[in-house]
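The hints should help you fit chain B onto chain A, whose structure is shown.
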Amino acid sequence: VTGPAAWRERIDRWIFESHPASPESLAIYRIAYAAYLLLIGMPYATWVSAMPDAVWDPPDGPLRLLPGFPPAAFLHGAALLLSVSAVALLVGWRTRPASLATGLLLGLVIGFEYCFGTVHHNRHLMVIVPLALAGSGWGARYSVDAARGGGGGAGASGSWALSWLALWIGLFYLTGGAAKLAGGWLDPRTHATQYHVARVGGLSADALPGAVWELLDWGAVAFEAGFVLAIASLRTTRIACCVAILFHVATLQWMRIHFGEPVIAYAAFVAWDRLPHAPRLAARAGSALARLARRPGAAVAVAGAVYFAMHEAAGSPVSMSPPWPAWARWLYWVIPAGVAVAHLAGEALRCARRLRSRPSQASPISPKAASAPVDGSGTA
Amino acid sequence: VIPAEPLRSRVRWLFLATVALALAPCNDKDAFPGLHAPGFRDPGRLEDLARRPPARDVLVRVRFRGGADQVFPLLDLLPRVHYKQRRVVEGALVRALTSGRGASARDWLRGAVRARQPGVAPERIEVRAIPRSDPGREELLYADEPGGAA
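Just so you know, the protein sequences line up as chains A and B, in that order.
Positions in the first sequence are counted from 1; adding 1 to them yields the numbering used here.
Positions in the second sequence are counted from 1; adding 1 to them yields the numbering used here.
Isolated chain A (complex conformation) (with noise of 0.2 Å):
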């Protein structure tokens, strides 16, 4: 059946059945990514109040409409209510709008840094990431929310808010696949890949014969633009991002760009619930959480109005500032790395598995293998 009615039901399907994840796995991760951004990720914007008119210059979106840098006061504001809804998500206080909040509010600030001409793209997935999974329910765990017996975001929407943050990262990439593509990226005549290597000095533009330049400029868009074919289940969306992690690795060690940030938003895919110790901690912290729940509001805005006095005066906690050194930079790396290996090798050894399974399949001797349950949702 390939009728219109065929395609919605499978395109629903799709929606909200093909990215499973368990509250618990959602409510560490929501753990995660907020100790993440209170940790390292907080945006310091409000210096550009203090920068001349005479450099704005937005992107295209609703920053265009304002005639220049807002004043202090406003910045102020706006990272005092960031770094408010940033210790809420943390906690699970009231975490659908704080989701909303904190993603609103770090689109704004990081937006007004992204005023002089030059967007750089690592950390719009940062942003997503709270807006896409506000209705995930990832907070009905593990939170103030789940100990005042409220369900934390979780409605009947199920499971399409990870379905929905794939399709973010899956356009994120075809977005990047379609510039090189209209750039010339693909001009039999260049390699694009050796200008960038050899511009910043990776590699000497002799380091590899032409073909493999060639190859490599191919095999950047084939990857940036087929991410998104791999949103089709969780289990592929997985193997991508795993893909992604070692694409980062390769950027940072020969085209010097550290793109740290959406390794973040590819940690959502991650079965947390499924790491050893993960949930018992995730459940002491829960507990340790429901003594807020008296008056959680207050504590919520105590700690968020420190620590944006703490950031104002001293930056994030594990600043992001250079010089880092070279160790620090490949620590960051070595888990996401790792997991992304040991995954990638998973998905390797049951792929042979299979193949080698397959003549069984198709003998009569053992129909059960033919009609043996496929996993879905794959391995951590």
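Derived by calculation from the structure, the hints in this document are not laboratory data.
Given the structure is predicted, the values throughout are model-derived calculations rather than measurements.
Beta carbons are placed, not taken as given, at the ideal position from N, Cα and C, and that holds for glycine.
Possibly wrong hints are sitting among the right ones.
Short derived list, chain B residues pointing at chain A, Cβ under 7 Å [unchecked claim]: (1) V12; (2) W14; (3) A21; (4) A23; (5) P80; (6) K85; (7) Q86; (8) V90; (9) L94; (10) V95; (11) G103; (12) S105.
Frame of chain A; chain B shown alone:
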């Protein structure tokens, strides 16, 4: 579980709107959420590498009243800017100063210089580019005399 209508339709529209937003024609290289690295659309010709302006450092040379010249990087005058944006902001400032329409950039530079030595008025401020490949070849990009005519 696939939810009932109207939630199902609303979510479908949300997904469709997401695709439309990402693929909108206005989503050029400088718009959300594409990839926007500088020079991204460059076809990657190696010969372009030679034609590009060489990497340079931008220095500010200031003559304070009654004192000797002081030189410091323009980057040092910037507030706490995200490390990935420092060169971008530096380039935007240089463009504004050299464009002739950057009165606010001039005022900003004067203020930033005064903050280096409070109470001592700067007589002349110069912004100079030093190519890394040839540090001996300084290029005057911009000059300002806060006390008189530039």
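Q: If any of the earlier hints don't hold here, list their numbers in rising order.
A: Result: hints 2, 3 and 10 break, sorted rising.
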